[in-house]
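Visitor: Sequence:
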Amino acid sequence: MKRVVFNKKGGVGKSTIACNLAAIGAAEGKKTLVVDLDAQGNSTQYLLGKNSTELEITLADFFDQMLNFRLRPKETREFIVPTPFENLFLLASHPSLQDLESKLESRYKIFKLRDALNELGKEFDVIYVDTPPALNFYTQSALIAADSCIIPFDCDDFSRRALYSLLDSVAEIRADHNAELKVEGIVVNQYQPRASLPQKLVQELIEEGLPVLPAFLSSSVKIRESHDQSRPMIHLAPNHKVSQEFIALHEALNKAGA
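Each residue of the sequence shown is one higher than the one before, counting from 0 in numbering that gives the first Met the number 0.
Everything labelled a hint here was simulated from the structure, so no lab data went into it. Please note: incorrect hints may appear among the correct ones.
Derived DMTMM-like pairs (lysine to aspartate or glutamate); straight-line CA-CA distance at most 20 Å [as the list claims (entries may be wrong)]:
1. Lys111 - Glu203
2. Lys240 - Glu224
3. Lys111 - Asp146
4. Lys49 - Glu171
5. Lys30 - Asp146
6. Lys108 - Glu118
7. Lys111 - Asp98
FRET-style restraints, in silico, Cβ to Cβ [as the list claims (entries may be wrong)]:
8. Asn238 - Asn50: 26 to 32 Å
9. Pro81 - Asp114: 21 to 27 Å
10. Gly28 - Lys199: 38 to 44 Å
11. Lys221 - Gly9: 20 to 26 Å
12. Pro94 - Val220: 26 to 32 Å
13. Glu171 - Asn67: 30 to 36 Å
14. Asp124 - Leu196: 15 to 21 Å
15. Lys30 - Gly10: 36 to 42 Å
16. Gln64 - Pro132: 24 to 30 Å
17. Pro83 - Ala247: 20 to 26 Å
18. Gln198 - Asn50: 39 to 45 Å
19. Pro94 - Phe68: 43 to 49 Å
20. Asp167 - Lys49: 37 to 43 Å
Note that the structure is predicted; figures quoted are calculated from it, not measured. Ideal Cβ positions, reconstructed from N, Cα and C, are used throughout, including at glycine.
Please build the complete structure, drawing on both the sequences and the hints.
Guide: Listed below in C-alpha coordinates is the structure:
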(Lines of atoms letter the chains of each structure in order from A; the text may use other names.)
(Lines give C-alpha, C1' and ligand atoms only; values in the text may rest on other atoms or scores of the structure.)
Protein backbone atom coordinates (compact mmCIF):
# COMPACT_ATOMS: atom_id res chain seq x y z
CA MET A 0 0.00 0.00 0.00
CA LYS A 1 1.35 3.40 -1.03
CA ARG A 2 -0.46 6.31 0.66
CA VAL A 3 0.05 10.00 -0.05
CA VAL A 4 -0.86 12.63 2.54
CA PHE A 5 -2.01 15.52 0.35
CA ASN A 6 -3.20 19.07 0.88
CA LYS A 7 -2.19 22.24 -0.96
CA LYS A 8 -2.51 24.21 2.27
CA GLY A 9 0.33 24.38 4.78
CA GLY A 10 -0.04 23.80 8.50
CA VAL A 11 -2.79 21.19 8.28
CA GLY A 12 -0.76 18.38 9.87
CA LYS A 13 0.45 16.40 6.85
CA SER A 14 3.81 15.48 8.38
CA THR A 15 2.33 14.75 11.81
CA ILE A 16 -0.31 12.48 10.32
CA ALA A 17 2.09 10.66 7.97
CA CYS A 18 4.71 10.02 10.65
CA ASN A 19 2.29 8.95 13.38
CA LEU A 20 0.38 6.55 11.13
CA ALA A 21 3.67 5.13 9.87
CA ALA A 22 4.97 4.72 13.43
CA ILE A 23 1.85 2.82 14.47
CA GLY A 24 2.12 0.44 11.53
CA ALA A 25 5.80 -0.11 12.24
CA ALA A 26 5.09 -0.75 15.93
CA GLU A 27 2.60 -3.42 14.85
CA GLY A 28 5.37 -5.18 12.94
CA LYS A 29 4.84 -3.85 9.41
CA LYS A 30 7.97 -2.80 7.55
CA THR A 31 7.13 0.84 6.87
CA LEU A 32 8.69 3.62 4.82
CA VAL A 33 8.12 7.38 5.01
CA VAL A 34 9.01 9.40 1.90
CA ASP A 35 9.55 13.09 2.71
CA LEU A 36 9.08 15.06 -0.52
CA ASP A 37 8.75 18.45 1.18
CA ALA A 38 11.94 20.55 1.01
CA GLN A 39 11.07 21.88 4.49
CA GLY A 40 11.80 18.38 5.81
CA ASN A 41 9.32 18.27 8.68
CA SER A 42 8.90 14.49 8.53
CA THR A 43 12.67 14.04 8.35
CA GLN A 44 13.16 16.24 11.40
CA TYR A 45 10.30 14.52 13.24
CA LEU A 46 11.70 11.02 12.78
CA LEU A 47 15.44 11.71 13.01
CA GLY A 48 15.74 14.79 15.22
CA LYS A 49 19.23 16.31 15.29
CA ASN A 50 20.55 13.50 13.10
CA SER A 51 18.53 14.88 10.19
CA THR A 52 21.22 17.52 9.55
CA GLU A 53 24.02 14.95 9.34
CA LEU A 54 22.68 12.73 6.56
CA GLU A 55 25.10 11.84 3.79
CA ILE A 56 22.38 10.78 1.36
CA THR A 57 18.83 12.06 0.83
CA LEU A 58 16.02 12.22 -1.71
CA ALA A 59 17.81 15.14 -3.33
CA ASP A 60 20.59 12.70 -4.29
CA PHE A 61 17.99 10.27 -5.61
CA PHE A 62 16.48 12.91 -7.90
CA ASP A 63 19.84 14.44 -8.81
CA GLN A 64 21.10 11.18 -10.27
CA MET A 65 18.25 11.35 -12.79
CA LEU A 66 19.82 14.51 -14.20
CA ASN A 67 23.39 13.26 -14.28
CA PHE A 68 23.86 10.17 -16.39
CA ARG A 69 27.59 10.19 -15.84
CA LEU A 70 26.98 8.83 -12.36
CA ARG A 71 26.53 5.15 -11.69
CA PRO A 72 22.82 4.99 -10.84
CA LYS A 73 22.12 3.73 -7.36
CA GLU A 74 19.16 1.55 -6.52
CA THR A 75 16.44 3.41 -4.64
CA ARG A 76 16.96 1.34 -1.49
CA GLU A 77 20.48 2.79 -1.24
CA PHE A 78 18.91 6.17 -0.41
CA ILE A 79 16.85 4.80 2.51
CA VAL A 80 17.97 5.53 6.07
CA PRO A 81 16.79 3.80 9.25
CA THR A 82 15.02 5.71 11.99
CA PRO A 83 15.44 5.03 15.74
CA PHE A 84 12.19 3.08 15.64
CA GLU A 85 11.99 -0.59 14.71
CA ASN A 86 10.57 -1.36 11.26
CA LEU A 87 10.40 2.35 10.36
CA PHE A 88 12.56 3.72 7.55
CA LEU A 89 12.88 7.04 5.73
CA LEU A 90 13.66 8.54 2.34
CA ALA A 91 14.80 11.85 3.78
CA SER A 92 14.19 15.37 2.52
CA HIS A 93 16.80 18.03 1.80
CA PRO A 94 16.41 21.78 1.10
CA SER A 95 17.97 21.35 -2.36
CA LEU A 96 14.82 19.52 -3.51
CA GLN A 97 13.45 22.98 -4.20
CA ASP A 98 16.36 23.83 -6.52
CA LEU A 99 16.01 20.54 -8.41
CA GLU A 100 12.29 20.87 -9.08
CA SER A 101 12.37 22.99 -12.25
CA LYS A 102 15.11 20.84 -13.78
CA LEU A 103 13.21 17.64 -13.09
CA GLU A 104 10.01 19.13 -14.45
CA SER A 105 11.65 20.36 -17.66
CA ARG A 106 13.18 16.93 -18.24
CA TYR A 107 9.80 15.27 -17.60
CA LYS A 108 10.95 12.98 -14.79
CA ILE A 109 7.48 12.87 -13.23
CA PHE A 110 7.12 9.08 -13.48
CA LYS A 111 10.45 8.22 -11.85
CA LEU A 112 9.05 8.21 -8.32
CA ARG A 113 6.29 5.82 -9.39
CA ASP A 114 8.87 3.39 -10.76
CA ALA A 115 10.94 3.64 -7.58
CA LEU A 116 8.02 3.13 -5.18
CA ASN A 117 6.66 0.23 -7.22
CA GLU A 118 10.01 -1.47 -6.70
CA LEU A 119 10.13 -0.59 -2.99
CA GLY A 120 6.57 -1.86 -2.60
CA LYS A 121 7.96 -5.37 -2.91
CA GLU A 122 10.10 -4.76 0.19
CA PHE A 123 7.85 -2.60 2.37
CA ASP A 124 4.38 -3.40 3.67
CA VAL A 125 3.27 0.25 3.72
CA ILE A 126 4.70 3.45 2.25
CA TYR A 127 3.58 6.91 3.40
CA VAL A 128 4.47 9.94 1.27
CA ASP A 129 4.53 13.39 2.84
CA THR A 130 4.07 16.11 0.22
CA PRO A 131 4.73 19.87 -0.07
CA PRO A 132 1.86 22.34 0.48
CA ALA A 133 1.40 22.84 -3.26
CA LEU A 134 0.36 20.85 -6.31
CA ASN A 135 3.91 20.94 -7.70
CA PHE A 136 6.18 18.42 -9.45
CA TYR A 137 6.78 16.42 -6.26
CA THR A 138 3.13 16.27 -5.22
CA GLN A 139 2.02 15.23 -8.69
CA SER A 140 4.78 12.60 -8.79
CA ALA A 141 3.50 11.23 -5.49
CA LEU A 142 -0.14 11.09 -6.63
CA ILE A 143 0.92 9.32 -9.83
CA ALA A 144 2.86 6.79 -7.73
CA ALA A 145 0.21 6.18 -5.06
CA ASP A 146 -2.53 3.66 -4.51
CA SER A 147 -4.47 6.18 -2.44
CA CYS A 148 -4.36 9.57 -0.80
CA ILE A 149 -5.61 10.90 2.50
CA ILE A 150 -6.53 14.55 2.86
CA PRO A 151 -6.14 16.39 6.19
CA PHE A 152 -8.94 18.79 7.04
CA ASP A 153 -8.39 21.25 9.89
CA CYS A 154 -11.95 22.30 10.60
CA ASP A 155 -12.23 25.81 9.21
CA ASP A 156 -14.25 27.26 6.37
CA PHE A 157 -11.17 27.97 4.21
CA SER A 158 -10.20 24.30 4.41
CA ARG A 159 -13.70 23.25 3.52
CA ARG A 160 -13.72 25.42 0.39
CA ALA A 161 -10.30 24.08 -0.60
CA LEU A 162 -11.49 20.46 -0.32
CA TYR A 163 -13.37 20.60 -3.59
CA SER A 164 -10.28 21.83 -5.44
CA LEU A 165 -8.22 19.05 -3.84
CA LEU A 166 -10.71 16.41 -4.91
CA ASP A 167 -10.72 17.84 -8.44
CA SER A 168 -6.92 17.63 -8.52
CA VAL A 169 -7.03 13.97 -7.50
CA ALA A 170 -9.67 13.28 -10.14
CA GLU A 171 -7.51 14.90 -12.81
CA ILE A 172 -4.44 12.85 -11.85
CA ARG A 173 -6.65 9.74 -11.88
CA ALA A 174 -7.99 10.53 -15.33
CA ASP A 175 -4.63 11.44 -16.88
CA HIS A 176 -2.00 9.31 -15.16
CA ASN A 177 -3.18 6.91 -12.45
CA ALA A 178 -6.52 5.20 -12.96
CA GLU A 179 -6.15 3.27 -9.68
CA LEU A 180 -5.74 6.33 -7.47
CA LYS A 181 -8.47 6.72 -4.87
CA VAL A 182 -9.25 9.09 -2.03
CA GLU A 183 -9.03 6.81 0.96
CA GLY A 184 -10.47 9.37 3.29
CA ILE A 185 -10.57 12.88 4.74
CA VAL A 186 -8.77 13.14 8.08
CA VAL A 187 -10.43 15.57 10.48
CA ASN A 188 -7.61 17.29 12.36
CA GLN A 189 -7.54 19.89 15.14
CA TYR A 190 -11.06 18.83 16.08
CA GLN A 191 -12.72 20.53 19.05
CA PRO A 192 -15.85 18.54 19.94
CA ARG A 193 -17.24 21.27 22.22
CA ALA A 194 -17.03 23.98 19.56
CA SER A 195 -20.03 24.36 17.28
CA LEU A 196 -18.22 25.29 14.04
CA PRO A 197 -16.08 22.14 13.74
CA GLN A 198 -19.13 19.97 14.45
CA LYS A 199 -21.16 21.86 11.85
CA LEU A 200 -18.45 21.68 9.16
CA VAL A 201 -17.75 17.99 9.65
CA GLN A 202 -21.44 17.11 9.66
CA GLU A 203 -21.94 19.00 6.40
CA LEU A 204 -19.07 17.08 4.78
CA ILE A 205 -20.62 13.79 5.88
CA GLU A 206 -24.06 14.85 4.58
CA GLU A 207 -22.48 15.69 1.22
CA GLY A 208 -21.25 12.12 1.00
CA LEU A 209 -17.56 12.96 1.24
CA PRO A 210 -15.34 10.14 2.60
CA VAL A 211 -14.76 11.50 6.13
CA LEU A 212 -12.86 8.94 8.18
CA PRO A 213 -14.64 8.09 11.46
CA ALA A 214 -11.70 8.91 13.75
CA PHE A 215 -11.03 12.57 14.52
CA LEU A 216 -7.73 14.04 15.78
CA SER A 217 -7.89 16.49 18.67
CA SER A 218 -5.76 19.55 19.20
CA SER A 219 -3.19 18.94 21.94
CA VAL A 220 0.04 20.43 23.25
CA LYS A 221 1.31 16.86 23.47
CA ILE A 222 1.76 16.89 19.70
CA ARG A 223 4.17 19.81 20.06
CA GLU A 224 6.10 17.85 22.68
CA SER A 225 6.17 14.93 20.26
CA HIS A 226 7.68 17.16 17.56
CA ASP A 227 10.20 18.66 19.98
CA GLN A 228 11.40 15.25 21.17
CA SER A 229 11.28 13.70 17.67
CA ARG A 230 9.16 10.84 18.94
CA PRO A 231 5.79 9.92 17.38
CA MET A 232 2.95 9.73 19.86
CA ILE A 233 2.87 5.92 19.99
CA HIS A 234 6.42 6.06 21.42
CA LEU A 235 6.10 9.23 23.49
CA ALA A 236 2.77 8.64 25.23
CA PRO A 237 0.95 5.54 23.92
CA ASN A 238 -1.98 5.93 26.33
CA HIS A 239 -2.58 9.60 25.61
CA LYS A 240 -5.92 10.56 24.09
CA VAL A 241 -4.30 11.72 20.81
CA SER A 242 -2.28 8.51 20.55
CA GLN A 243 -5.49 6.53 20.84
CA GLU A 244 -7.08 8.74 18.18
CA PHE A 245 -4.19 8.00 15.82
CA ILE A 246 -4.58 4.29 16.51
CA ALA A 247 -8.30 4.55 15.72
CA LEU A 248 -7.47 6.43 12.51
CA HIS A 249 -4.95 3.76 11.54
CA GLU A 250 -7.58 1.06 12.09
CA ALA A 251 -10.16 3.02 10.07
CA LEU A 252 -7.72 3.33 7.17
CA ASN A 253 -6.97 -0.40 7.28
CA LYS A 254 -10.70 -1.12 7.11
CA ALA A 255 -11.18 1.37 4.27
CA GLY A 256 -8.30 -0.18 2.34
CA ALA A 257 -9.33 -3.77 2.98
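Visitor: If a hint holds in the structure, say so; if it does not, say that too.
Guide: Checked hints:
1. Lys111 - Glu203: Cα-Cα ~39 Å, so violated.
2. Lys240 - Glu224: holds, 14 Å
3. Lys111 - Asp146: Status holds; Cα separation ~16 Å.
4. Lys49 - Glu171: Not OK: Lys49 and Glu171 at ~39 Å, beyond 20 Å, violated.
5. Lys30 - Asp146: holds, 17 Å
6. Lys108 - Glu118: Between Lys108 and Glu118 the Cα gap is close to 17 Å, so the pair holds against 20 Å.
7. Lys111 - Asp98: Answer holds: Lys111 to Asp98 is near 18 Å, not above 20 Å.
8. Asn238 - Asn50: 26 to 32 Å: With Cβ atoms ~27 Å apart, the hint holds.
9. Pro81 - Asp114: 21 to 27 Å: At roughly 23 Å between Cβ atoms, Asp114 and Pro81 fall inside 21 to 27 Å, so the hint holds.
10. Gly28 - Lys199: 38 to 44 Å: holds, 40 Å
11. Lys221 - Gly9: 20 to 26 Å: holds, 22 Å
12. Pro94 - Val220: 26 to 32 Å: Because 28 Å falls inside the window, the suggested range holds.
13. Glu171 - Asn67: 30 to 36 Å: holds, 31 Å
14. Asp124 - Leu196: 15 to 21 Å: Violated - the Cβ-Cβ distance for Asp124 and Leu196, about 38 Å, lies outside 15 to 21 Å.
15. Lys30 - Gly10: 36 to 42 Å: violated, 30 Å
16. Gln64 - Pro132: 24 to 30 Å: holds, 26 Å
17. Pro83 - Ala247: 20 to 26 Å: holds, 25 Å
18. Gln198 - Asn50: 39 to 45 Å: Distance hint for Gln198, Asn50 holds at roughly 41 Å.
19. Pro94 - Phe68: 43 to 49 Å: violated, 24 Å
20. Asp167 - Lys49: 37 to 43 Å: Hint holds: Cβ distance 40 Å, inside 37 to 43 Å.
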